[in-house]
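K.L.:
Here is how the chains run, residue by residue.
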Amino acid sequence: DGGITQSPKYLFRKEGQNVTLSCEQNLNHDAMYWYRQDPGQGLRLIYYSQIVNDFQKGDIAEGYSVSREKKESFPLTVTSAQKNPTAFYLCASSIKGIGAGEQYFGPGTRLTVT
Amino acid sequence: QQPVQSPQAVILREGEDAVINCSSSKALYSVHWYRQKHGEAPVFLMILLKGGEQKGHEKISASFNEKKQQSSLYLTASQLSYSGTYFCGTERSASNTGKLIFGQGTTLQVKP
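Protein sequence lines correspond, in order, to chains Z and Y.
Each residue of the first sequence is one higher than the one before, counting from 1 in the numbering used here.
Each residue of the second sequence is one higher than the one before, counting from 1 in the numbering used here.
Derived by calculation from the structure, the hints in this document are not laboratory data.
The reader is advised that the hints may include incorrect statements.
Chain Z side only, calculated, beta carbon under 8 Å to chain Y, not exhaustive [unchecked claim]:
| no. | residue |
| --- | --- |
| 1 | P39 |
| 2 | L43 |
| 3 | L45 |
| 4 | Y48 |
| 5 | A61 |
| 6 | Q103 |
Coverage of chain Y stretches by chain Z, computed from C-beta distances (three or more under 8 Å per stretch; other residues unrestricted) [claimed, not checked]:
| no. | region |
| --- | --- |
| 7 | 11–23 |
| 8 | 42–50 |
Restricting the straight-line Cα-Cα distance to at most 25 Å, the calculated cross-link-like pairs of lysine-lysine (BS3-like) are [claimed, not checked]:
| no. | chain 1 | residue 1 | chain 2 | residue 2 |
| --- | --- | --- | --- | --- |
| 9 | Z | K57 | Z | K96 |
| 10 | Z | K96 | Z | K70 |
| 11 | Y | K26 | Y | K59 |
| 12 | Z | K57 | Y | K99 |
| 13 | Y | K59 | Z | K70 |
| 14 | Z | K71 | Y | K99 |
| 15 | Z | K96 | Z | K71 |
| 16 | Z | K9 | Z | K83 |
| 17 | Y | K67 | Y | K99 |
| 18 | Z | K57 | Y | K26 |
| 19 | Y | K26 | Z | K96 |
| 20 | Y | K99 | Z | K96 |
| 21 | Y | K68 | Y | K99 |
| 22 | Y | K37 | Z | K9 |
All residues carry an ideal CB built from backbone N, CA and C; glycine is no exception.
For reference, chain Z alone in the conformation it holds in the complex (with noise of 0.2 Å):
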């Protein structure tokens, strides 16, 4: 089957500590997203990629870093210069196009920094 996989659901760490987390996309996309969730909120963009070895900002993309050495691949690290890093992360992947096309999303990874 055909889909993205994040890991993992939960994570738990320390503050000051740098966390990197994971996402997977069989679909071959070549476009990947991190979005963040918090309550009672929408969906924020960190980081974009349109293309391996290329990423964009989003409008939050402060106390963040991305790679993307593979098309498979988009992992997300959460630095200790991000100040309120305690989220739910949503990684997506598109079909690279003209205009956005539909976007499907992982399950997520709720994080969360004591």
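Position chain Y against the provided structure of chain Z, taking the given hints into account.
P.N.:
Chain Y only, in chain Z's frame:
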């Protein structure tokens, strides 16, 4: 530049209808609609491109009025399975970034 959704929350009985609106202060190229169940990933419902088209998905349809920069999602004869949070995502131009700006969401609860 985040689109504004209204209402913020709706409670319905099974079989009732609902309308969710998504408004932008900027001109739009497309509007996307997603539904998210609690604790789960958002699921795609439909895309509307400028041109005022209307689309349908089972008993869920939507329209896009580009002059008003507004889209409306229509849920008719609601079912329990329609419960969740509905998000609109907007795109301002036909670029190839795929970047969407999402509204804050509308929570829909359908009761028996």
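K.L.:
Evaluate each hint against the coordinates.
P.N.:
Here's how the hints hold up against the structure:
{"no.": "1", "hint": "P39", "result": "violated (11 Å)"}
{"no.": "2", "hint": "L43", "result": "holds (4 Å)"}
{"no.": "3", "hint": "L45", "result": "holds (7 Å)"}
{"no.": "4", "hint": "Y48", "result": "holds (6 Å)"}
{"no.": "5", "hint": "A61", "result": "violated (13 Å)"}
{"no.": "6", "hint": "Q103", "result": "holds (7 Å)"}
{"no.": "7", "hint": "11–23", "result": "violated (count 0)"}
{"no.": "8", "hint": "42–50", "result": "holds (count 5)"}
{"no.": "9", "hint": "Z:K57 - Z:K96", "result": "holds (17 Å)"}
{"no.": "10", "hint": "Z:K96 - Z:K70", "result": "holds (16 Å)"}
{"no.": "11", "hint": "Y:K26 - Y:K59", "result": "violated (29 Å)"}
{"no.": "12", "hint": "Z:K57 - Y:K99", "result": "holds (11 Å)"}
{"no.": "13", "hint": "Y:K59 - Z:K70", "result": "violated (40 Å)"}
{"no.": "14", "hint": "Z:K71 - Y:K99", "result": "holds (18 Å)"}
{"no.": "15", "hint": "Z:K96 - Z:K71", "result": "holds (12 Å)"}
{"no.": "16", "hint": "Z:K9 - Z:K83", "result": "holds (22 Å)"}
{"no.": "17", "hint": "Y:K67 - Y:K99", "result": "holds (22 Å)"}
{"no.": "18", "hint": "Z:K57 - Y:K26", "result": "holds (21 Å)"}
{"no.": "19", "hint": "Y:K26 - Z:K96", "result": "holds (24 Å)"}
{"no.": "20", "hint": "Y:K99 - Z:K96", "result": "holds (11 Å)"}
{"no.": "21", "hint": "Y:K68 - Y:K99", "result": "holds (21 Å)"}
{"no.": "22", "hint": "Y:K37 - Z:K9", "result": "holds (16 Å)"}
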